[in-house]
Every structure is written in C-alpha cells, then in structure tokens.
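Colleague: Below, each chain spelled out in residue letters.
Number of protein chains: 2
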Amino acid sequence: MGKIILKVRKFILCFIIIAMCCNCNTVTKNEILVKTKAALEEAIHKAKPGDVILLSNGEWEDIELKFYAIGTKKAPITLKAQEKGKVFITGKSFLKIGGEYLKVEDLHFKDGYTTEKAVIRFKVDNNKIAKNCTVSNCVIEDFTQPDRNKKDHWIEFWGQQNQLDHCYITGKSNQGPTLRVFLKGNENINTYHKIFANHFGPRPRKGGPRAETMQIGDSYTSMTPAYVKVENNYFEKCNGEVEIISSKSNFNEFNHNVFYQCEGSLVLRHGNYNKINGNIFIGNDSSDFIGGIRVINTGHWITNNYFYNLKGKEFRAPLAIMNGIPKSPLNRYNQVTDVVIANNSWVNCRAPFHFSVGANLEQSDVLPPSEIRSARPERVIIANNILYNESYEDIPIVTYDKVDGISFYKNISNNPNISKVQTEGIITQKFETKVESSWLQISIAINETPYDGFEFEDRITTDLFGNKRVNNTIGAIQIDGKNISKEINTNQYGTDWFHPNDKKVTEEEFTVNTAKELKVAIEKTKEKAVIYLTGNDYELETSLHIKKKIKITPKGSNKKVNITFISDVPAFVLHPNANLEISGLNLKGNKKNKAFTTLKELMHSPYNLTVNDTNVEDFQTILEVSKGSFADEITIKNSQFANCKNGILLNKETNDKGDYNAEFLKIENTTFNKIENNVVDYYRGGYDESTIGGNLILQNSKFINCGRGAKNEILIKTRGIVNMVFKDNTFTNNAVDYIAILWGAKGQKGVNNTIQNSGILKVEENLALKLIY
Amino acid sequence: MGKIILKVRKFILCFIIIAMCCNCNTVTKNEILVKTKAALEEAIHKAKPGDVILLSNGEWEDIELKFYAIGTKKAPITLKAQEKGKVFITGKSFLKIGGEYLKVEDLHFKDGYTTEKAVIRFKVDNNKIAKNCTVSNCVIEDFTQPDRNKKDHWIEFWGQQNQLDHCYITGKSNQGPTLRVFLKGNENINTYHKIFANHFGPRPRKGGPRAETMQIGDSYTSMTPAYVKVENNYFEKCNGEVEIISSKSNFNEFNHNVFYQCEGSLVLRHGNYNKINGNIFIGNDSSDFIGGIRVINTGHWITNNYFYNLKGKEFRAPLAIMNGIPKSPLNRYNQVTDVVIANNSWVNCRAPFHFSVGANLEQSDVLPPSEIRSARPERVIIANNILYNESYEDIPIVTYDKVDGISFYKNISNNPNISKVQTEGIITQKFETKVESSWLQISIAINETPYDGFEFEDRITTDLFGNKRVNNTIGAIQIDGKNISKEINTNQYGTDWFHPNDKKVTEEEFTVNTAKELKVAIEKTKEKAVIYLTGNDYELETSLHIKKKIKITPKGSNKKVNITFISDVPAFVLHPNANLEISGLNLKGNKKNKAFTTLKELMHSPYNLTVNDTNVEDFQTILEVSKGSFADEITIKNSQFANCKNGILLNKETNDKGDYNAEFLKIENTTFNKIENNVVDYYRGGYDESTIGGNLILQNSKFINCGRGAKNEILIKTRGIVNMVFKDNTFTNNAVDYIAILWGAKGQKGVNNTIQNSGILKVEENLALKLIY
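Chains as they are written, first to last, in UniProt numbering: chain S, 1 to 773; chain Y, 1 to 773.
One chain only, chain S, in its complex shape (with noise of 0.2 Å):
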C-alpha cells in the first residue's frame, strides 16, 4: 500500500511541477532601457508586473531613487544594469525600495555618499514598504560619508520577506553599523529577511563603537521575533569596532558563514532563542582582536561551529559568555540564561572559553548598581565540544566570576584542562587529528559517545558542513562526514561581475633630487610608491599632502637627509587612507609649524604613520590631529624628538561616547628631549566597556628635560586608553606631577621603568567615567 501512495504521490508532484513551468513561460517579459533620470522615474511610476527596467551603461550621478512598485510572485518588477559591471551610481546618491516583489540587480555604487540614513532602504516611507523585494549582485564601494563622524547606514532592511544576495559591499568608515534591520513596528516583525551569499569586504577599524558590519535590531525592540536569517556569507576583515554583528533580537540563524580575520565577534547583544550552526572563525598569527561568538541572554544554541587560530580575550575571546547585571535594564546586559553550546570545535585559540565576562562587581565604587554586571551564566550547557591546541597555552578557561552555572558534558581537550574549572565533563584525551589547509584541522578519531542532552537529536543534525548526524560525534566535524570543504572559495559570495581579490597594487618607485620633485612624486603616486630622496638638503616653503602609501626613505645611503619646513603651515598633511612612512631624514621646523597634521574635516577615512630613524626638532607641534580623524596605526621608532612645544596630540574626540582618535599608538626605542608640554594626550571617553581601545605601546624610550610648560601635569596622558605597555623607559629631569596615571583594572602597570627626578608614575584602579547609555 505505502508504494501505491508513494506513486500517486509522486505522479502528483509531477503534475505540479509541470504546470508551475507552463506557468512561469507564460510571464512575459517588458524589458525598458531608460537613459535619463526622468525616463527612470516615468519607467517606475508605470511599472507593472513582469517590467524589468534597465538603467543604461554609464555613470549615474545623483539620483535620489524612489522604487516603488507592485510585482506579483510570479512576475516581480526589475531594476538592474543594462550591462553588468557598466553601471555606476556616484555622487550624492540612495535608493528606496517599497512595495512588493521587486528586484534590484547589478548596481554599482561608488564614488560618492548617501544624503540621506541609508544608501538603499527596504523602504521608500511608512506607507510603502518592501515586502518580498530583494537587492542581489550588486556592489557598494567605499560610499562613505566625507565626515567620518557623520553617521549612516549603507543597507536597511524594514518590511518583511526582504533579501540582499551576492553582494559585495566594503569601505565603510564612517559612523553607523553597515547594514541594519529595523524591527519597530507590527509590519517591520517576523520578518523572515533573508541575506546570503555577500561578500562583506573589508571595513576598516573605526575606534569606538558603532561600527558593526551588521545590526539586526536594538534594544528597544529587542523583544520583537525578527527570524533574520544570515547564510553563507564571507566577512572578510570587517574590523570596524568589537562586534561584527550585533544581533540584537529573536529567532534570527547565522548559518555557515565565514569570518575571516575580522577583528571582532558574532554578538548576541539583546534578544533571545537565536541559533549560530555551521560557522567558521578563522584568526591569524599577528592579531590580538579576532574573536568568535559572545553570548549575552537566553535560550541561544551554538552548535558545529569551528573557531581557528583565534587570539582575542575578554569581549573578544574565542567564545566569551557574560556576566549580566540583576533584572537588567532595557538596552544593558541580561543574564545569560538556557544556552547550550554543543558540537563545536576550537583549535589552535588560546584559551577558547572566556566566563562572565564583563563582570564588575569590583567597579562599584565608579558605577552605578544598574551597570553591575554580577548575575552569572545560569543553566548553560556545554557539551560535545573539542578543544585542540598544539601548545599548551590552551588553559582553556579564563574566569573572571564564580561558574557555578554552566554544565560540562563530554567535552574532549588534548591538553590538560589546568583552569580554576575543574570537571569530568572536559576530559583530557589525546587524539589524532588531519590537517586540511591553512585553517582546517580536523579529529580522526575520538573516543567518548557524545552527551545526548535535551532536543540534542532534534536539533544538531548535521555538521560544519552539512553531514547529517547519524551517528553523532565529538566537535563540529561529523568523524566520518564525507563532504569535507578544505578551502574558502571566495568566488561564491559576493557579485559575479566584481572580483576584489583582481585588483592588483602595483608599487611605484621615484627618484627625486629637488623639493620640487619630491612634491610632484607625491602628487603622481597612484596608489602606492618609494620615493627615494638622493639630495642632501631640501627645503620647504608649502605642506606635503599625503593621499596614498607613500615610502620617503634616502637613496641607498646611511647619511639622513635634511627636509626643512621653513614656513608655517604643517609639514606632513595626511589625508584619508594615507599611509606615510619615513625613514632616515632630518626634519626640522621654524617653531612655529607641526611636523605632522590631518586635514582639519572630512577625514572620512583612516590614515597610517611610519617614522623611523628620523630625527624631528623644531616645530610648534609633532602631530596635531583633527576631530573626526582616526589613525589606524602611529608607530615612531628609533628617532628622536627635539625642542618641540607639543607632543603628539590624539585628543580630539572628547564627545565622551567612546569614541578616540587612534586605534594604535607604538613608540619604541626613541628619545624626547625638551618637549615642552604633554609627550603625548592620547583621550577616549565615556563609559563603554565593549570599546576596548586604544593601544599606547610605549617601550625602550627615554623623555629628558619634558613637561616644563605641563606643569603640575601629566607627562604622557592617556586617559580613558584601554590597552597598554609601559615598559623599559627611562625619565630624566621631566617637571611634571605624574609621568602617567595607570587605569589598573584594565591591567595596565609600569614595568622596568627607570624615573629620575621626574614625578611619579601612578596606577589608578577605577576609572569613573561619563554613563554612555
């Protein structure tokens, strides 16, 4: 009898499907090449289902696009390129979606900046708003806002049933998280949005918070069901601030998606019941700040998932669970509660589990009792995980609270477990493992029946890569799962028309002898030169503007080369995403100018600074920088400093909303000698305690005969800085109170420092800072 029904039935389906087809060949297709604006709107104002609207070859320069529309399941209207890859949206430009079953295919954005919140919004306005509308293939590049401090967002979702595939989208530096889901209001709920398949390219550290490359919700709608789910897509060095995505509602699933290098977390921020299966993190050698997933409220499960070479801690750690604070206020920190995190992998992460985090009990002195996170991890399960380390670094868990909260079960560790956190459910087994690329390694053969707990067999059914679980084993890897993918093939995210990765830099090289000529080198550099200086002494009247990656080193010589500044107007100009190294030169001032500043405004996006081997005296300032600017990296190393009024001055952003002017700050074996005022005031304000930067490196230097007009001051200023090292320097005849004031609870102390005559070096525990929140 089950065979006769199984035939009709499968008779049935035919018969469907067949007349589906019969169905789609129907729709015909009304294809419109528009040429002008007017022609676009006119197109749209008359569209009707089945139109697809071509936008001709070219450039289109502001437009302001309002696509409202109705298509029909069956024949959605279409906007898209009339060539792929030949259609470029510039200028002050965005685009509305509303209605229904649209499609945008194809764009090109580039070369310009929204006016407006969004760069395309799900939604034209209240009354029109996307409902089964998808944006596939197209690409936003470096649309950033001119003012990096303004804020935008280059997608969002509003509606229900909405889709962005296949995207490429980088650049981002400005303020505001790339892309966001909106979730206030009944029609804006259960959404079901759909983003799968981009590819989110690089996003630059930010400094501060606001930044995330995804938002999905905030904490005032953080009770609404969104169901976003978020699959198969590849980040790729989003590093904009600590959180790449910030989920911060219910029911959404991050599914097998690849984050790579970025310098930041999956965070389940506010809302509950969201599921992570099938990801993978991969870190890199070099960088302290890439992390996994950080699991704040309830009822998350986090299963198959593989964390590689990850390096964060705290915030950031591989997998860091937070303490939450008593009946918690909206937009604050619930308690963990009824998570299970089971199946995953950890391998080569130094110490992957990080508990209660946040904790701060101790802070209470500074914070308010609504800012005490001291309610820990209740009813957690953690179960079925590996946890493999080439070294023994691997603690594997760092506590900053009591886990009397969080269950073990068959977790396998090739290491010892040698944390406070003693249990028979991490169990020390040495196993044999297979290495598969770059970033895959994978356990042959474990040992252990896997912990079956509650919904386990309902719920983890298949593996990292999509093996069915039959028979379940330890880790995110099915031990006998057939399909292995061994390499990240980029070619499957992002557009088909727009390859990233073929954009070769080529390096340039200049030879120049006149300070003329060294001004037009910088001017020709395309995107990334040496200019190798072969005169001794150049002299100059007017600032050299740096826009590019520019080396400025002497010819083959050990002599320095003497560049004198002889006007008033700043030597070095840096402009956004300037990267300007020297090395081996004589820089001297008038008194009156400052060796290194950035544009006054529109530092839209970060610069970089090398000085090395460099002597700099002379000049009012050593470098002044603008409000709205961000260096990603200052690094002096091995010059020296003279008989300059002011330091380095990273001290602009002082709106007290975590924001700071620099994400590192190194100086390394290099001298400063008569500087008048403070060597350095490098500021971030406002209590945020997911802003985990800057970074002062500060090591092997020497500061003589400083700080006479810092009177009663501070030699080296860095408050509200998080990170820093503060070692194997030596002060001498400095006429100041303090060569610096320590924050201590972020672990920051002096080491090996050697002080003559030259106030004290003090660490203060707490740190009351401005309540962002």
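Hints listed in this document are in silico derivations from the structure and should not be mistaken for laboratory results.
Misleading hints may appear alongside valid ones.
Since the list gives no way to pick one copy over another, a pair counts as held whenever it fits inside one copy or between any two copies.
Stated by the list, open to error - Straight-line distance between alpha carbons at most 27 Å, and here's what the computed DSS-like set of lysine-lysine pairs gives:
1) K327 with K184
2) K229 with K592
3) K746 with K420
4) K327 with K117
5) K194 with K73
6) K770 with K327
7) K275 with K327
8) K482 with K35
9) K482 with K551
10) K702 with K84
11) K468 with K80
12) K131 with K275
13) K519 with K600
14) K48 with K524
15) K770 with K86
16) K327 with K151
17) K486 with K547
18) K151 with K482
19) K402 with K184
20) K657 with K327
21) K150 with K327
22) K184 with K275
Assemble the complex: chain S is given as a structure, and chain Y must be docked to it using the hints.
Modeller: Then chain Y, alone, in the frame of chain S:
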C-alpha cells in the same frame, strides 16, 4: 485533473483513518484497582502503556503521590477514581506528575492542603518532567493552607504539551497564584500547554498582591516563548487581587473565556505578542473593582472581546493601557508598543479607556528614576470598536498623560466623545441595539465600513461567537453573524460530576434565653443561622467563637439586650470564614478584655463582621486582629463605642510587601467617646502600585474626647491605605495633633468634616514607601 487528485487524496485519507482506528482498537485497557497507598505505588511503578489505575472509592488521606510513568500517545497511562465523585484526596497531600502521556481524572481534593509548593505539579523532579500529560475532570475545593501567609500553588505547570481541562477549582485564600506556569529552562518553554473548559470558582479577596488565579511565567522568564493557550474557561468571582490572570511571557492566547464578576483584570504584565480574543467580561452594579484588560509591553492583539457593565478604573479599567518606564528594568514596566485593539465592544462600561495608567512623573520626589513610568504608549492602534452606553457617563477616555502614540480608526460610540482626546477615529453615531440577555446587548446596524489595518484580514477572521468575518463589521459581534450565545452555560465548564451551584445553604434559626443556650446555638450552627435573644441580660465568662455565618439580635423588641463579658478573655473570637452580624445589643467589657479578636494564627480564610445598632463599652480594645488574618468587610453602623483604651486595630501586616488586614472598613453614623489611643489603626506598607486596597469609608460619625493616650499622634491612622471616603464627621475635643493624614496622590480628601479642638486633618501628596521590587 484537479478532481482526480482530490479523489486519490480522499482515498488515501480514508485508508489512513481506517489504519489508525484499527491501531486504536488493538490497545487493550488494563484496569488495576488499588486500595492502599502501597498498592498504588506499586501499580504506578509497574505501569505500562494502556494501564488504568483506579483509586478505590473513599478517602485517601495524607498521600504524597508521585505519578511517574511513560505512556504513549495511543496508549496513555491513566490514574483515576474508581467512581467519579467518590474518591477524595484529603489531609496533607499532593500529586506530582512526571513522564509522558499520563492522564489523571476524577479526583476530588478537599479538607486538606499540600505540604509542598504545589497541590498538583507537572514535574516529579528536574529529571522527571511531564510532557503530554493531562489532568481532567478533577476538583480542588478549599484545599488552602491553614496559614494564609504561607505561599503555595494549586497547579504548577512544567514541561511541555500538558493540559488541564474540565476541572473545578475554588477557595484558595492563601498567598500564591492558584495556577502557575513555570518557564525556567529549555525543557519548560515552547510549552503549548492547554488550559480549557475549567471552572475557576470564587477565590476570596486576599488583600495585597500574590493572589492571581493564573500566572504564566515570571519577569525573569518573560523573554521565553510560552505558547500557553487558555481557552473556554469560566472565571467566577476570582477576587484574589487586581490580576485575575497575569501573563508574563510570550505568545500566549486567551480565547473565549468568561470572566464573571471578577474583581481584577486579565493583565499582560510581562512578555509580548499575546492574543486576547473573544472573551466576555461581565461586571455588576455594586462593585467598582471589576476590570477588563490591562496592557503592558509589545505586540499584543486584543480582538473580539465583549465587556459589560464594568465599573473598574485605572489599574482595573475596562481597558487600561499603561505607561512604561524608559529602559525599564526586567521586572518593572516596559513601554506599550505595537498593540492592536480591534473589533471589541464595550457596553455600559464606565469610561472604558484609561490611557497611560500608572503615569507617575509627579512622584519623582519619592521614587527612584527606575520607578518612574513616563514612557507613553506608542504605535497602538484602536480600531473598529463599539462603545455603547445607555447613560452619558461614558467619557469614554480617561488619560493620565499626553496621548500621542495611539491611533484611532473607525470606533463607534453612541455618545459624544467628551474626553480630552479628540479624534476622527471615534465617531458618534446613534445606533440600534438589541438586549439579548442580562449581559448581552448587540448593536444591530452600524453604518460604517471598518478600518482595514495591517494584517487585520489574516488575524481577525471570526467574531466573539466564532462567526466568520466574511464582510467584516464594527464591534465584537459580526452584525449578520448567525451564532449567538445569549446565556452562559455553566455546565460546559468544570467537571461533569461536581456541581458547585447545587450546594444549597439553609438558614437555621435559634431562640436563646440564657448565656449557655447562646453558646450552644453558636456551636450547633451548621452553615448559617439567626440567633434570637429572648432574655434581657446575658453574662459570659468565656469567649464566643464564631465559625459560621451568624446573626445575633433581640427577638422582636426595640429594647437593646445586654451582654456582659466578665472575664479577661475576648468577647468574640472570629475564626476563618466567620461572618458575624450583631444588632440591637449592649456589649459591656471588664476594661481588660477585647470586644472582638481573630484567632491568633491559622486564619486561613477571610471573615466578615457587622456591628449595627449596638453599644460597646468598657473594653480594653474594640477590635484586635492577628497577623495573617484578613477581614473582607468590617461594617460598623448606627453604634456607640465608649470608654475603651484601644480602638480598631488593623495594623499587623507590617512586612511592607503590600499586604493589609482588611479590604473594607466601613464606619457610618457611629459615635466614639473616650477611646484613649488611636480610634483606628489601619496599615498597608510597601510601594506596590498594583495593590489598590484597603478601603476606609468613614462618614457621618462623631469622635469625642478620644486620643488622650495618643498625644502627638494621629487619631485615625491609615498609612498606606489606598481608598478613602472621609466626610460629614464631627471631631470634638480629641487630644491629638492630627485627625488623620490623608494620601493626596490617591485622591483622598476630607469633605465637610467639623473639627473642634482636635488637631488637624492633613493631606500629604506623596507617601514614601518601601520598594517591594
């Protein structure tokens, strides 16, 4: 082709049904009659799918029953009475259910109480939680704790897919919700529990919080998806507290229940996205406490409900929409957002809509910011409702803050909207109605097309009585709907064997001539009696213990009868459920005894006391109650009290958790002369804005020469008591600083009182109370 498919499908369906039926028949029922506790335990221990364990007829005393077994869907395991109505669970007993597919039927819990936290619990222990278990056709009657302050629940839901149906539950008078659903832990969410066809019989007023008839989750699990369905139940006089049902989780449904004269509301206290559809709320002319629906949080849909003759206001308004606390702590008040209130009817309700209930910005002096409800409702839609009132009292909107987040569409009122909120969305239209029954009044013709809101068509598909809304009309009842239930058929609720309304109480009469006869008559009273006094003087050496409803009065005479209490014991001792009325007496004490007291402990149920046309003198104390005791109503009228040291002391609930000793104290047309200390001391402590008792009505009374021992004190102490009428009284020569200190924020004020040489009557706007939460 379609037809062929249909036929094939029908054939398959028939086949499946036949196959299933055959399967059913193959299950053999194995009945096991047990007569002892040991036999019962053995039967449970050995139970196999299909077993029916029969408890033999009779009383099962002190049984602590753990019913753990694994049945199957087709063959559940049943535990039931040998014969319905003949098996009683008494004494210290409870029932815990754990496992799968279990059924409990036909049991009668009475004359006892649980020694654990619950009477019936769907969990044996954390490893034996119930799933797919049902409790049907059972009675829990007056199974209340001897100590009213001891907390328990009668039904505790845990696990998933459990059910309570056709039960009758009445008489819980102690702390704790009658039925509570627990949602802590992944095993206890997504419950899909069903609670239907039950009769929740009278639950007396408790005084203060923690006396809900049903509570689903708590604030700490308010983020969980509960999916509890409460359907077709009958709630009769569930007066425990302001919340009949306290929904504290997500995705619950309350459909087609009847709330009959319940002094409270269906409250969406925590959690979001609940549905309240097709319920009937019926009030009466006498109670101001009967409410409708109170709304907090996000995304609820309130549709097709019918509200009749409700006089509650503020927290108990027919529709109360609250203000929230900005960024509210988890356990307080979230803002109301995205709520839809459509197609309901309010008939003869006094001011149906109360908006921004709980707004308390003006109390910023006495409350911390985390208690200030200043976040007004946002994105609330009120559409297609009917407001019908025979009188013009129908305001219809009372507001406690600005109304700027509520949109009105196509609401029809037969009276002009004379409220502050003027909107086109409330249309005045005279329309015909038809009186169908004592509570059902249907509008016959309304000349307006309903508003068609977002998702209305998908979500408002039927009306109050289940009629399909093909052509939607305004109000709860589809105008052309064919099904109408004019009367509430109470037989469809509760068990099929226990009929609470059949219980008839007959009033006895006794005529007594001596003190001894009086005592005997009181003792002999079964339920209710009138005791006529034929003598002139009665002298008593022992207390009169009142346990029933008893009236004591002279036999057909206008002359008062003297009762003298000569020993130091109290004159009258009121027991739980006592209801004493005295009239036409002269009560005389010995200066050392008390006129009225309660038991010192175990006052498990409320009592009532009426003193009418009686002189009371020479007692140490007029009334002294015990902690834990609770008077429903104390009425004193047309009487004189003289020469007593203490007055009426309702001041023993001092834990400041919102509790108090009496719901109503009514004093009318009565004289107090030479009461040495406070005449009244009536106390409620703790900041609990939803406790809206007690009630003092003091009018037309005289106070002369009182308060000598209460110097610098208050004559009538009412600290924390919420409702007060204080008018037409005369105070002469009372040696106190204050007559009373009234609570201005609660609208208390003195009206037309005459005060001579007696301190002042003060009104204090805000009262600083201890925070409970």
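Colleague: It remains to establish, for every hint, whether it holds in the given structure.
Modeller: Right, here's what the structure says about each hint:
1. K327 with K184: both (24 Å within a copy, 16 Å between copies)
2. K229 with K592: neither (58 Å within a copy, 78 Å between copies)
3. K746 with K420: Answer is within; shortest intra-copy Cα gap is 21 Å, inter-copy 56 Å.
4. K327 with K117: Between copies, since 25 Å is at most 27 Å while 34 Å is not.
5. K194 with K73: within (16 Å within a copy, 38 Å between copies)
6. K770 with K327: both (22 Å within a copy, 18 Å between copies)
7. K275 with K327: Both, since 24 Å and 26 Å are each at most 27 Å.
8. K482 with K35: Answer is neither; intra-copy 52 Å and inter-copy 60 Å both fail.
9. K482 with K551: Answer is neither: 50 Å inside a copy and 87 Å across each miss the 27 Å cutoff.
10. K702 with K84: This pair counts as neither: shortest intra-copy Cα distance 58 Å, inter-copy 95 Å.
11. K468 with K80: neither (39 Å within a copy, 44 Å between copies)
12. K131 with K275: both (24 Å within a copy, 24 Å between copies)
13. K519 with K600: within (21 Å within a copy, 99 Å between copies)
14. K48 with K524: neither (51 Å within a copy, 89 Å between copies)
15. K770 with K86: neither (49 Å within a copy, 70 Å between copies)
16. K327 with K151: Classified as between; 23 Å across copies, 31 Å inside a copy.
17. K486 with K547: So K486 and K547 fail the 27 Å test inside a copy (39 Å) and across (82 Å) alike.
18. K151 with K482: neither (47 Å within a copy, 58 Å between copies)
19. K402 with K184: between (38 Å within a copy, 21 Å between copies)
20. K657 with K327: both (25 Å within a copy, 19 Å between copies)
21. K150 with K327: between (34 Å within a copy, 26 Å between copies)
22. K184 with K275: both (22 Å within a copy, 19 Å between copies)
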